[in-house]
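Participant: Add chains B and C to chain A, keeping to what the hints say.
Residue numbers (the numbering used here), protein chains in the order written: chain A, 1 to 476; chain B, 1001 to 1179; chain C, 2001 to 2402.
Just so you know, these hints were derived from the structure itself, not from any lab.
Check the hints yourself; a few may be wrong.
Unchecked claim - Once the Cα atoms are required to be at most 30 Å apart in a straight line, the calculated BS3-like pairs of lysine-lysine come out as:
hint, chain 1, residue 1, chain 2, residue 2
1, A, Lys307, C, Lys2395
2, C, Lys2011, A, Lys369
3, A, Lys368, C, Lys2395
4, C, Lys2177, A, Lys368
5, B, Lys1053, A, Lys111
6, C, Lys2395, A, Lys111
7, A, Lys111, A, Lys292
8, A, Lys111, C, Lys2011
9, B, Lys1091, C, Lys2352
To be verified - With the C-beta cut set under 8 Å, the calculated list includes, among others, these residues of chain A facing chain B:
hint, residue
10, Tyr225
11, Ile231
12, Ser356
What you are looking at is a predicted structure, and each value in this text was computed from that prediction instead of being measured.
All C-beta atoms, glycine included, are put in the ideal place defined by N, C-alpha and C.
Okay, here's what each chain looks like letter by letter:
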Amino acid sequence: MADLAFDPKAVEQLSPPLVTGQPSLHDVTEAVSIHTEIETHRNWYIALAISGSVTLLLGSMLAYLIATGIGVWGNNNPVGWGWDITNFVFWIGIGHAGTLISAILFLFRQKWRTSINRFAEAMTLFAVACAGIYPLVHVGRPWRAYWLFPIPNADLAMWQNFRSPLLWDVFAVSTYATVSALFWYVGLIPDIAIIRDRAKTQLRHTIYGIASLGWRGSATHWKNYEKAYMILAGLSTPLVLSVHTIVSFDFAVSIIPGWHTTIFPPYFVAGAIFSGFAMVITLMVIARWVFKVEHLVTMTHLENMNKVILATGTIVGYAYATEFFIAWYSGNEYERFTFINRAMGPYAWAYWSMVSCNVISPQFFWFKKLRTNIPFMFVLSIFVNIGMWFERFVIIATSLHRDFLPSSWGYFRPTIVDILTFFGTFGLFITLFVFFTRFLPIIAVSEVKGMMIQTEHEKHYLPATTTGSTEPVKAH
Amino acid sequence: MAEHSSIHGVVADFDSPDTLLDAVRAARAKGYTKMEAYTPFPIHGIDEAMGAKQSILGYIVLCGSATGLTTAILLQWWTGSIAYPLVISGKPLFAFEFGFPIMFELTVLLSAFAAVFGMLGLNGLPRLNHPIFNYSGVAGSSDDRFLLVIEASDKKFDANETKDFLATLGAEKLEVIEA
Amino acid sequence: MSKHHHHDVPKDSYEIPTSTWEKGRNIIVAVFILGWVAALAGYSLDHKQFFPSYLVAFFFGAGIAIGAALFTMIQHLTGSAWSVPLRRLMENIMMSMPILALLFLPVAFGLHELYEWSHPGIMKTDALLAKKEAYLNPTAFYIRAVVYFVIWSFWAWRLSSWSRAQDTSKDLNLTFKSERISAPGMLLFFLSASLASVDWVMSLQPHWYSTIFGVYCLAGGMWAFFAILTFTLLRFRANGILANSVTVEHYHDMGKWMFALTVFWAYIAFSQYMLIWYANLPEETSFFMVRRSGTWETVSGILLFGHFAATFLFLLARASKRNLNVLRFVTVWILCMHYIDVYWLVMPNFSKAGVAPHWMDAACFVAVMSTLALGFWWRLKSAPIVAVGDPRLEKGLEFQNV
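So here's chain A without its partners, still in its complex pose (with noise of 0.2 Å):
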């Protein structure tokens, strides 16, 4: 093959370039340690006051729910699930993409992943906080919570209602966070070590060097190591499948039109995905900037996430297609109206914001120049995020609003403390990425550094005669 003599753009696209600058593996621990060793900077605090303020205003609308009782949400109305099951649906479903970079892009051997998944999988657990406010404020008495969970308890004296999907949600969601700080926490502990050997501090030593358990990297150590991590990967994988499986089952056990559907499972899982890899696309354009590792996540990484925000928008559109499809062929008078209903009844703009946002506006990303357009992304991610959040909210208020009893119709209207409460989530969202991102590696150090030196064993299988920059990674 070497007698060929091939395009060097040409080949650059057959394999693209992770990392771009080609810095050494000093380099890219500098790179990705400094922020945490620097010296705190006024931004910080001026961003830390800004969500902080956001997720007090979170904290005291809580407190009014609690105090109050949750009619302050706008539920007393047919559409007894409102915003607080839309806005838990969203943020389970913008953790997931966190867990898919992570677990299935590694089992498929997607080396982009690695200067992605770090940030992707904090993301997973901090929107599963987001989320996970809402049941628990849903129970009315969320001191009572642990009622949840099958634990012997003499006030209670019975025994949890297996058969419901809400009591499997609880399982789901909590196995699901529970996994996901750990596959985060195993993920970290090499980086934390990285840290600490280079605390300048003894006080920075302790800490970390406790954080990192006292990683050594021996060879012993990385072996269990992989094996652990490919083992939670293979884990992940089912789980987060499962969790908006789960999730869907909430709706689609029953027998509401629109909501009993068997496409649910497969759809809402992509649907997850879809939103969670367009909130990795808002959150990394702005975060690579700030912490100028523009040269690991590369436009490469942003565009095959644009791609995958591309496929999975096309399968959200092929299981709208296919509702209508079915609720047509079915023959069924409900399943017709219902779905006629959403597309031209009173929540038609709901549905037709939906729809522009989730179907039509990824289809831009078919085209090259807008897939590598940052601001195009970064505008078209938040429009896909907006999209999604209307999924959620659509499935949920046209199935309820139109009861088999046309007594108990109605239309839902969000009361201010629903509309605050759903802002102040986005403050602690941030909050968490703003402690997040001060304190810990936000890219996965150890795993690019491996992903650089593979990269570099594989490169004499491309016909690379003529590319030009085949200099060896330098160690330092």
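Facilitator: Just chains B and C, lined up with the frame of chain A:
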């Protein structure tokens, strides 16, 4: 046997994974068996080179999975049909149809616990002190240096001889470290 | 790095030795003649049995070809290297599409025997079916079938012919062109194959519906495609063909895919069953009622334990995915299970009382599959059996699981 009980071993400091791998192979060929490498990221092929056995973590995880699955079945069956039998929406007191989601979740949860704590257990972590931290350049092993330690417990170990041997393998820095 | 031992591996010939090829051809032609004679004899003896038996065989073959096409396109889209040494065989399986269009003719011909809705009388008297007439009528059915086959054959032909052109031209642009048409191709295949599942199988029970049904059929077809691909490669290997190019690393990856699809199929099957079981609506449970009564319940059990549980356990361990003897057994197992799955989808509509295996099931299966095999075998002769012009081939040959 180890004559120098206060010595942990000799550390050789390399600048790339390839020289480290070559050194491991050479040391094995020379007859050394007790060695350990310290690297910033996993090195493909080093376990074979060191003659290390495959991790047994998979079996530990399997035990976790079995426990999780059994717990979920027993829990749902016992609470639903023995402890508090109540017919709800015409469903049986226990059925695998509705029992499956929680069976799955608990299986995954306990498997994940087994994976993480099993890994830490096999690695002997947390352990905050270790002789390797006595090496003056240990910080490099999480950055861009690749260390090979031939331990004093090795039958063939002799501080000077081993040091000289490692020097021939291209180590940029050599040090005897305290136990 | 200098330590790669890839230059020591002996190179394979990327052509099938003429004697082997001729031997294979003779066997397939013999089976082909036998199968069609038996199938045609069956048709003239009992055409009521013939059409359902034939539909099972046809849907089995079509699922595999669609699976091949989908996977080929996924490989183009992800720029995967490990699968490049196998891609020509996938393309050759995918190129069954035009032959399948011919094999569809008996289904089209047997419309009235197979599909209740094709009788105008029933459509007029049944209130529910009357609402579906716009979709379920012979003209629309035929037009849709033509559209499906045009889409499938066109994409298969484009991808396959570009790949073959690249063998000699080594033109890198063909790689990018394939990547470009694969994206819309995936979408079109997904839509058309889902609708085809509705048309050909779901509408056998025209009152029943399930939105996930298309995905269910696609998952099974793709699963069987991997089994047949792996099985073929193992047969090749036994005859010394591609024995060095397709290594245990590649088999390991195919094992992973079969494992993943075992789980995916089970996930889809469970979602469909559980949601219908839980909601307990008569118009939906009808599908499972017949499949959970009498001997059909046994077949459902075989699917649960054989299609899913056993395959899951067979393929769970890393060692078994790397053991070629295990894989050879599993591929045959999977193909049997997929056949039972398709049989279970189709046949309860014709023998509600219980399972009634018939020799014509086998005859039709042999006839359809030998026809597809014949096409596959001829394509092996017309181009190298490995995509020699692919720029990722070297990397794919050297691929190792880490």
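Participant: Hint by hint, note whether the structure agrees.
Facilitator: Status of the hints after comparison with the structure:
Simply put, lysine 307(A) and lysine 2395(C) have alpha-carbon atoms about 24 Å apart, close enough for the 30 Å limit, and the pair holds. The hinted pair formed by lysine 2011(C) and lysine 369(A) fails the criterion: a straight-line CA distance of about 42 Å is larger than 30 Å. The suggested pairing of lysine 368(A) with lysine 2395(C) holds, with an alpha-carbon distance near 26 Å, which does not exceed 30 Å. For a cut-off of 30 Å, the pair hint linking lysine 2177(C) to lysine 368(A) stands: about 14 Å separates their Cα positions.
Only pairs whose Cα atoms come within 30 Å are accepted, and lysine 1053(B) paired with lysine 111(A) is accepted, the gap being roughly 27 Å. With a CA separation close to 15 Å, the supplied pair lysine 2395(C) and lysine 111(A) stays within the 30 Å bound. Simply put, lysine 111(A) and lysine 292(A) have alpha-carbon atoms about 21 Å apart, close enough for the 30 Å limit, and the pair holds. Proposed proximity of lysine 111(A) and lysine 2011(C) is supported: the alpha carbons are some 29 Å apart, at most 30 Å.
A distance of roughly 26 Å separates the Cα atoms of lysine 1091(B) and lysine 2352(C); the hinted pair therefore holds under the 30 Å criterion. Interface hint at tyrosine 225(A): satisfied, since its Cβ lies 6 Å from the closest Cβ of chain B, which is below the 8 Å cut-off. Interface restraint check: isoleucine 231(A) against chain B, minimum CB-CB distance 5 Å, threshold 8 Å, status holds. Because the smallest distance between the Cβ of serine 356(A) and any Cβ of chain B comes to about 34 Å, over 8 Å, the interface hint for this residue is violated.
Consistency note: the structure conflicts with the earlier hints numbered 2 and 12.
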